[in-house]
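Q: The primary structure of each chain is shown beneath.
Number of protein chains: 2
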Amino acid sequence: MSEELKYWYLRDHKLFWTLSMSQIKQLCIIVGYKKAKKGDIIYFSSSDVPRIFLLKKGNIKIVEIDEDGNETIKDIIQKGDLFGELTLENDKNSNEYAKALTDEVAICSFLMSDFENLMLQNPNLALTYTKFVGLKMKRIKNNYSNLMSKDAKTRLFTFIKEWAEKEGKKDGNKVTIENYLTQADIAQIIGTSRQTATQLLNEMEENQLIFYTRKEILIDDITKL
Amino acid sequence: MSEELKYWYLRDHKLFWTLSMSQIKQLCIIVGYKKAKKGDIIYFSSSDVPRIFLLKKGNIKIVEIDEDGNETIKDIIQKGDLFGELTLENDKNSNEYAKALTDEVAICSFLMSDFENLMLQNPNLALTYTKFVGLKMKRIKNNYSNLMSKDAKTRLFTFIKEWAEKEGKKDGNKVTIENYLTQADIAQIIGTSRQTATQLLNEMEENQLIFYTRKEILIDDITKL
DNA sequence: CCGCCATTGTAAACTAGCCGACAAATGTTG
DNA sequence: CAACATTTGTCGGCTAGTTTACAATGGCGG
Numbered sequence: 001m002s003e004e005l006k007y008w009y010l011r012d013h014k015l016f017w018t019l020s021m022s023q024i025k026q027l028c029i030i031v032g033y034k035k036a037k038k039g040d041i042i043y044f045s046s047s048d049v050p051r052i053f054l055l056k057k058g059n060i061k062i063v064e065i066d067e068d069g070n071e072t073i074k075d076i077i078q079k080g081d082l083f084g085e086l087t088l089e090n091d092k093n094s095n096e097y098a099k100a101l102t103d104e105v106a107i108c109s110f111l112m113s114d115f116e117n118l119m120l121q122n123p124n125l126a127l128t129y130t131k132f133v134g135l136k137m138k139r140i141k142n143n144y145s146n147l148m149s150k151d152a153k154t155r156l157f158t159f160i161k162e163w164a165e166k167e168g169k170k171d172g173n174k175v176t177i178e179n180y181l182t183q184a185d186i187a188q189i190i191g192t193s194r195q196t197a198t199q200l201l202n203e204m205e206e207n208q209l210i211f212y213t214r215k216e217i218l219i220d221d222i223t224k225l
Numbered sequence: 001m002s003e004e005l006k007y008w009y010l011r012d013h014k015l016f017w018t019l020s021m022s023q024i025k026q027l028c029i030i031v032g033y034k035k036a037k038k039g040d041i042i043y044f045s046s047s048d049v050p051r052i053f054l055l056k057k058g059n060i061k062i063v064e065i066d067e068d069g070n071e072t073i074k075d076i077i078q079k080g081d082l083f084g085e086l087t088l089e090n091d092k093n094s095n096e097y098a099k100a101l102t103d104e105v106a107i108c109s110f111l112m113s114d115f116e117n118l119m120l121q122n123p124n125l126a127l128t129y130t131k132f133v134g135l136k137m138k139r140i141k142n143n144y145s146n147l148m149s150k151d152a153k154t155r156l157f158t159f160i161k162e163w164a165e166k167e168g169k170k171d172g173n174k175v176t177i178e179n180y181l182t183q184a185d186i187a188q189i190i191g192t193s194r195q196t197a198t199q200l201l202n203e204m205e206e207n208q209l210i211f212y213t214r215k216e217i218l219i220d221d222i223t224k225l
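These protein sequence lines are chains A and B, in that order.
Just so you know, UniProt numbering puts 139 at position 139 of the first sequence, and the rest follows in order with no gaps.
Just so you know, UniProt numbering puts 103 at position 103 of the second sequence, and the rest follows in order with no gaps.
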């Protein structure tokens with residue numbers, strides 16, 4: 001890949017707007033530029049050197065396996081999102097990995113230490129990054145506090161609404177979402193069993209609120225959710 | 001309060017170790033130095049100017065009220081913790097306030113904008129703060145993912161263990177925690193009803209694992225939890 | 001186009017934990 | 001100390017949601 005191209009791969013992310021070309025080069029970008037296909041396991045957080053990753057294309061889920069072998073979805077990462085050791089601390093005893101959800105996935109990465117150095121030289125970057133992490137924290141907090149206090153149906157509605165807002169193609173009150181999640185995935189995200197999720201989705205379909213297929217989800221009228 | 005004293009109030013927090021006295025003065029510290037008593041409501045996040053707060057003494061809980069009037073505990077803040085708009089973004093539509101849990105509570109605060117300026121001048125501060133926020137995010141993430149997948153008993157055990165580690169006075173395997181929470185508070189934190197929490201605590205007491213009083217919690221052998 | 005595997009659909013039995021409703025105990029205040 | 005408020009204890013009944021188990025469907029590779 002040409003140097004020029006590498007540059008633009010990062011350059012088009014908001015976070016790096018303030019950086020000069022030479023600064024971006026400092027990040028030794030795209031050493032780990034990687035492609036993957038649906039279902040592939042992409043990376044273990046306990047890898048060699050701490051890195052920060054940037055998803056350029058597709059969608060992935062971050063999954064953790066606990067002692068009992070249960071899979072928990074920690075996060076869904078979309079095109080343009082950063083992931084990895086966002087805390088700037090590497091944490092070895094976490095058991096996380098990423099799994100591709102869409103057919104084509106492209107990821108580039110840079111070293112955490114390079115990024116830290118750059119932050120020391122460019123306080124504006126540090127500020128932007130902090131706000132970035134802060135925003136992510138706020139989103140997580142909100143999500144989870146919904147999960148705690150509401151019942152499964154409300155959680156599903158909230159999730160679909162948020163998903164539609166973030167990624168849906170709007171046409172008046174109709175929204176189309178490209179569906180790269182299985183019902184089992186959705187169930188895990190909203191913290192319920194697969195069966196309950198299926199039931200609720202079908203119930204929504206009966207009430208003409210949504211139309212679910214494996215490829216896409218059609219929402220007839222987003223305001224009714 | 002003397003300038004000297006103000007200085008030390010911030011100076012003894014890790015985050016500010018790298019700052020010079022004059023830099024700390026820039027923060028116009030302790031404009032909002034405040035004391036409060038148990039049960040007092042201390043601050044609404046939708047206050048005039050965005051601030052960051054530092055709890056110097058006592059314990060408080062951050063609470064949110066939703067549309068239906070339900071109280072949710074968002075966070076428990078301990079001596080030395082920062083709270084407020086840590087994300088560096090002010091967010092007006094959140095309905096949070098803080099409530100004193102201990103008899104004496106002391107808080108000092110500074111303006112977010114002053115802090116931002118200081119970060120721009122002092123990249124090291126920026127880096128430290130970013131790690132700080134990141135760490136907080138990681139803690140929240142872990143807490144919540146426990147809440148999702150485990151049952152009430154496990155959640156209570158995990159909570160007590162963490163509490164003991166963070167604040168307990170250890171004596172071999174015995175740990176004493178100063179108890180500033182009611183059982184209703186604990187129930188909210190672990191996401192269950194007050195009655196269930198009471199039942200589980202009594203069960204633990206029957207099994208000689210803990211001894212609960214309103215003043216303190218004694219753990220006979222922390223390794224057995 | 002066939003067979004296979006992942007995904008989705010459905011139903012019955014079971015259960016953790018919620019809710020309502022008090023009673024008892026402990027603290028607090030004048 | 002008396003009266004009141006807050007916190008803790010306890011008990012059924014109830015229900016949302018889990019679990020188990022299996023059937024139907026759809027999509028992909030050969």
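Treat the hints loosely; a few may be bogus.
Capping the alpha-carbon separation at 25 Å, the derived lysine to any residue pairs in SDA-like fashion look like this [unchecked claim]:
| id | chain 1 | residue 1 | chain 2 | residue 2 |
| --- | --- | --- | --- | --- |
| 1 | B | Lys-161 | A | Thr-182 |
| 2 | A | Lys-138 | B | Asn-95 |
| 3 | B | Lys-61 | B | Asn-173 |
| 4 | B | Lys-136 | B | Gly-172 |
| 5 | A | Lys-61 | B | Glu-71 |
| 6 | B | Lys-150 | A | Gly-172 |
| 7 | B | Lys-141 | A | Asp-151 |
| 8 | A | Lys-74 | B | Asp-151 |
Here chain A is said to cover these stretches of chain B; the calculated rule only asks that three of the stretch's residues, wherever they fall, bring their Cβ under 8 Å from a Cβ of chain A [what the hints assert, rightly or not]:
| id | region |
| --- | --- |
| 9 | 70-79 |
| 10 | 106-115 |
| 11 | 132-142 |
| 12 | 193-205 |
I should point out that these hints are in silico values taken from the structure, not numbers from a laboratory.
Every residue, glycine too, gets a C-beta built ideally from N, C-alpha and C.
Q: Give a verdict on every hint.
A: Status of the hints after comparison with the structure:
1. B:Lys-161 x A:Thr-182: Not OK: Lys-161 (chain B) and Thr-182 (chain A) at ~36 Å, beyond 25 Å, violated.
2. A:Lys-138 x B:Asn-95: holds (14 Å)
3. B:Lys-61 x B:Asn-173: violated (28 Å)
4. B:Lys-136 x B:Gly-172: violated (29 Å)
5. A:Lys-61 x B:Glu-71: The given pair, whose Cα atoms are some 32 Å apart, is violated under the 25 Å limit.
6. B:Lys-150 x A:Gly-172: Violated - the C-alpha atoms of Gly-172 (chain A) and Lys-150 (chain B) are around 41 Å apart, more than 25 Å.
7. B:Lys-141 x A:Asp-151: Holds, because 20 Å separates the two Cα atoms, which is no more than 25 Å.
8. A:Lys-74 x B:Asp-151: Measuring from Cα to Cα gives roughly 18 Å; hence the hint holds.
9. 70-79: With 3 residues in contact (Cβ-Cβ under 8 Å with chain A), the coverage given for the region 70-79 of chain B holds.
10. 106-115: violated (count 0)
11. 132-142: holds (count 8)
12. 193-205: violated (count 0)
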